[in-house]
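Model the full structure from these sequences, guided by the hints.
Each protein sequence line maps, in turn, to chains H and P.
If you're matching positions, the first sequence starts at 16 in our numbering and goes up one per residue.
If you're matching positions, the second sequence starts at 6 in our numbering and goes up one per residue.
Quick caveat, the hints were computed from the structure, so don't treat them as lab data.
Here a beta-carbon is modelled for each residue, glycine too, at the ideal position from N, C-alpha and C.
Take these hints with a grain of salt, some might be off.
Cβ-Cβ distance ranges computed for the label pairs, FRET-style [as the list claims (entries may be wrong)]:
(1) P:G156 with H:S120: 19 to 29 Å
(2) H:T27 with P:E14: 24 to 34 Å
(3) P:S52 with H:T27: 26 to 36 Å
Within a straight-line C-alpha distance of at most 25 Å, the following computed DSS-like cross-link-like pairs (lysine-lysine) qualify [unchecked claim]:
(4) H:K36 with P:K83
(5) H:K316 with H:K207
(6) P:K8 with P:K232
(7) H:K126 with H:K316
(8) H:K207 with H:K318
(9) H:K36 with H:K126
(10) H:K83 with H:K265
(11) P:K83 with H:K318
(12) P:K66 with H:K126
(13) H:K316 with P:K83
(14) H:K207 with H:K126
(15) P:K66 with P:K232
(16) H:K318 with H:K36
(17) P:K83 with H:K126
(18) H:K36 with H:K316
(19) P:K83 with P:K8
(20) H:K58 with P:K127
(21) H:K126 with H:K318
(22) P:K127 with H:K36
(23) P:K66 with P:K83
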Amino acid sequence: MRGSPNAVGGTTCAHVLSELKELYRYRELLWTFVVRELRIRYKNSVLGFFWSILNPLVTVLVMTVVFKYVLGVRVPNYSAYLLAAYLPFMFFQLALLDSAQSILSQLPLLKKIYFPREILPIGSVIANFLHFILAMGVFFVYLLFVWWLNPGENPFRATVVALPMLIVFQFCLTLGLALFISALNTFYEDVKYLVSVGLYLLFFLCPILYFVEQVYAAIHSPDMPQAWQGPLFTAYNLNPIAMLLIGYRKLMLDPQPITVTRTGDVIETHNLPLDWGMLGIAGAVSVLVLLFGYAYFNSVKWKFVERP
Amino acid sequence: MTKPAILVEGLVKEFDVTHTGYASLKGKLLWWKSKRRERLRAVAGISFSVQPGECVGVVGKNGAGKSTLLGLLARVYKPTSGRMELNGRVAPLLELGAGFHPDLTGIENVFFNGVILGLTRKQVAERLEQIIEFSEIGDYVDAPVRTYSSGMLLRLGFSVAVHVDASILLVDEALAVGDIEFQRKCLRRIAEFQQRGGAILFVSHDMEAVRRAASRVIWMRSGCVEKDGNTEEVLRAYEQSGEHPVGD
Chain H
16 MRGSPNAVGG
26 TTCAHVLSEL
36 KELYRYRELL
46 WTFVVRELRI
56 RYKNSVLGFF
66 WSILNPLVTV
76 LVMTVVFKYV
86 LGVRVPNYSA
96 YLLAAYLPFM
106 FFQLALLDSA
116 QSILSQLPLL
126 KKIYFPREIL
136 PIGSVIANFL
146 HFILAMGVFF
156 VYLLFVWWLN
166 PGENPFRATV
176 VALPMLIVFQ
186 FCLTLGLALF
196 ISALNTFYED
206 VKYLVSVGLY
216 LLFFLCPILY
226 FVEQVYAAIH
236 SPDMPQAWQG
246 PLFTAYNLNP
256 IAMLLIGYRK
266 LMLDPQPITV
276 TRTGDVIETH
286 NLPLDWGMLG
296 IAGAVSVLVL
306 LFGYAYFNSV
316 KWKFVERP
Chain P
6 MTKPAILVEG
16 LVKEFDVTHT
26 GYASLKGKLL
36 WWKSKRRERL
46 RAVAGISFSV
56 QPGECVGVVG
66 KNGAGKSTLL
76 GLLARVYKPT
86 SGRMELNGRV
96 APLLELGAGF
106 HPDLTGIENV
116 FFNGVILGLT
126 RKQVAERLEQ
136 IIEFSEIGDY
146 VDAPVRTYSS
156 GMLLRLGFSV
166 AVHVDASILL
176 VDEALAVGDI
186 EFQRKCLRRI
196 AEFQQRGGAI
206 LFVSHDMEAV
216 RRAASRVIWM
226 RSGCVEKDGN
236 TEEVLRAYEQ
246 SGEHPVGD
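Now the structure itself:
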């Protein structure tokens with residue numbers, strides 16, 4: 016019998032390798048599961064797949080109107096900057112919320128039959144990832160359309176070629192957290208509430224509605240003690256998802272001069288170049304999160320069915 | 006002698022039992038207030054083997070460890086200790102279409118169930134015709150499963166399970182539903198399956214069903230094998246013990 020349950024085996028490395036092999040053996044089930052997730056989501060809706068595009072587009076449209084005309088943000092093509100950070104964040108958010116419930120909702124099935132349990136959260140993440148890739152495709156079409164309307168600068172920057180790297184980092188980060196959260200939520204159902212509150216707060220802690228330059232300006236205001244300024248801004252950039260969102264924007268879109276108005280004074284801040292060092296740290300953290308999430312999931316996955 | 010289909014030696018499964026019955030962070034945070042954890046021995050060191058072609062019924066009152074045993078064989082649980090060896094593909098018969106998604110059609114669910122039981126999508130596609138025919142679902146295969154009756158769910162689930170070419174079938178109290186005609190068909194199919202060398206282990210409270218199908222019976226009592234042998238002998242002892250109300 017393959018993967019004998021009694022083989023509490025050998026080195027950790029060999030153990031991980033056998034777990035990965037087992038997952039590979041069940042790749043067909045993983046794919047079937049992803050297809051099933053996608054089918055279920057749009058089963059009873061007329062517009063089907065278009066909802067995954069329509070939803071962010073409408074949200075961004077409303078945000079653009081509010082920020083441009085009500086709050087008076089003067090950034091040309093603000094929607095593009097909004098979408099560049101909003102779409103990756105939506106993937107992060109939806110994947111985590113979906114996967115949090117993935118094990119618990121399939122518990123009756125888990126109690127009947129064996130398959131590698133990690134297929135459930137991984138499937139949730141992949142299903143949302145496919146939506147994200149599709150939405151990014153539509154986003155590029157939108158950028159080309161804007162460029163066609165008023166040709167001038169390039170529709171996007173040449174550094175866009177580095178985008179796959181960011182996407183891989185974000186996939187690792189999301190998957191690692193998804194594995195961790197789905198396992199934890201199976202034992203403690205409070206976790207999914209903590210996650211949704213956390214994600215809500217994170218939305219405002221990340222440069223999505225605003226620009227990182229504004230954070231920089233706020234931190235470097237005269238009111239702030241000088242000694243705090245550097246560490247505080249570094250701390251902001253240490254949040255891996257925030258750093259990745261900064262990366263998405265700066266790799267795809269031209270830098271924008273940001274004006275910050277504070278009590279009558281108009282302060283023009285310069286553009287911050289993309290901090291590759293901090294991005295590297297975010298990437299390393301993402302990979303570590305994946306390793307940790309996978310290790311934790313494997314250490315408790317046999318306990319799911321024994322949940323009291 | 007041929008290799009046994011199922012070989013179990015000194016198999017033990019213990020569970021943690023909590024008294025609150027639910028898990029929450031609060032419970033974990035307040036663990037020091039009520040650390041009343043106990044270990045329950047659901048399966049307490051049992052040994053037996055099942056030869057290819059055998060159909061073994063497992064009886065015993067509720068809580069005797071029958072379902073846990075089946076779960077161990079289906080690799081749902083990790084044994085606490087002991088050894089088990091399963092030679093061939095194992096197909097647990099999912100009761101009343103567990104694993105069926107109500108919003109998906111019969112065909113979509115057949116694919117999911119087939120793959121989860123170890124087939125590739127291609128293999129499911131090749132057998133789709135046979136699976137649908139055997140299940141007698143007819144045109145309903147294209148309707149969402151939530152519109153199915155419990156009998157239809159059972160038939161479709163059973164049909165997938167017997168078409169995956171497993172050599173070990175695990176059945177947990179599943180054949181109780183469905184009309185007489187279909188039950189007969191199932192029994193025929195099971196007989197064929199046995200003739201081809203398949204082994205069946207089934208748990209049931211229905212003594213008549215056990216009498217009809219089983220060639221051997223294992224009687225379990227508080228996690229141990231109380232008696233293992235000829236169907237009639239074991240069932241008589243079981244019924245006389247008063248554990249099983251006669252005529253149930």
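So, going through the hints one by one against the coordinates:
1. G156 (chain P) and S120 (chain H) have their C-beta atoms about 26 Å apart, which keeps the hinted 19 to 29 Å range intact.
2. Checking the proposed 24 to 34 Å range against T27 (chain H) and E14 (chain P) shows it holds: the Cβ atoms sit about 28 Å from each other.
3. Distance hint check for S52 (chain P) and T27 (chain H): the Cβ-Cβ separation is about 32 Å, which falls inside the suggested range of 26 to 36 Å.
4. About 19 Å separates the Cα atoms of K36 (chain H) and K83 (chain P), which keeps this hinted pair within 25 Å; it holds.
5. Annotation: proposed proximity of K316 (chain H) to K207 (chain H) holds, straight-line Cα distance about 18 Å (limit 25 Å).
6. Pair hint K8 (chain P) plus K232 (chain P) holds up; C-alpha atoms about 23 Å apart against a cutoff of 25 Å.
7. For the hint pairing K126 (chain H) with K316 (chain H), the CA-to-CA distance comes to about 12 Å; that is within 25 Å, so the pair holds.
8. Under the criterion of a C-alpha separation no larger than 25 Å, the hint pairing K207 (chain H) with K318 (chain H) is consistent with the structure, at around 19 Å.
9. With a CA separation close to 23 Å, the supplied pair K36 (chain H) and K126 (chain H) stays within the 25 Å bound.
10. With a CA separation close to 21 Å, the supplied pair K83 (chain H) and K265 (chain H) stays within the 25 Å bound.
11. The straight-line distance between the Cα atoms of K83 (chain P) and K318 (chain H) is roughly 9 Å, inside the 25 Å bound, and the hint therefore holds.
12. Straight-line distance between C-alpha atoms of K66 (chain P) and K126 (chain H) comes to about 20 Å, which keeps the hinted pair within the 25 Å bound.
13. At most 25 Å may separate the alpha-carbon atoms for a hinted pair to count; K316 (chain H) and K83 (chain P) meet this at roughly 10 Å.
14. For the hint pairing K207 (chain H) with K126 (chain H), the CA-to-CA distance comes to about 22 Å; that is within 25 Å, so the pair holds.
15. Only pairs whose Cα atoms come within 25 Å are accepted, and K66 (chain P) paired with K232 (chain P) is accepted, the gap being roughly 14 Å.
16. A hinted pair counts as satisfied when its Cα atoms are at most 25 Å apart, and K318 (chain H) with K36 (chain H) qualifies at roughly 21 Å.
17. Distance hint between K83 (chain P) and K126 (chain H) is fulfilled; the C-alpha atoms sit about 12 Å from each other, no more than 25 Å.
18. Of the pairs offered as hints, the one joining K36 (chain H) and K316 (chain H) holds, with about 16 Å between alpha carbons and a cut-off of 25 Å not exceeded.
19. A threshold of 25 Å between alpha carbons decides the hint, and for K83 (chain P) with K8 (chain P) the separation of about 23 Å falls inside it, so the pair holds.
20. With a C-alpha separation of about 23 Å, the suggested pair K58 (chain H) and K127 (chain P) falls inside the 25 Å cut-off, and the hint holds.
21. For the proposed pair K126 (chain H) and K318 (chain H), the alpha carbon gap of about 11 Å is at most 25 Å, so the pair holds.
22. With a C-alpha separation of about 21 Å, the suggested pair K127 (chain P) and K36 (chain H) falls inside the 25 Å cut-off, and the hint holds.
23. For the suggested pair K66 (chain P) and K83 (chain P), the alpha carbons sit about 23 Å apart, so the restraint of at most 25 Å is met.
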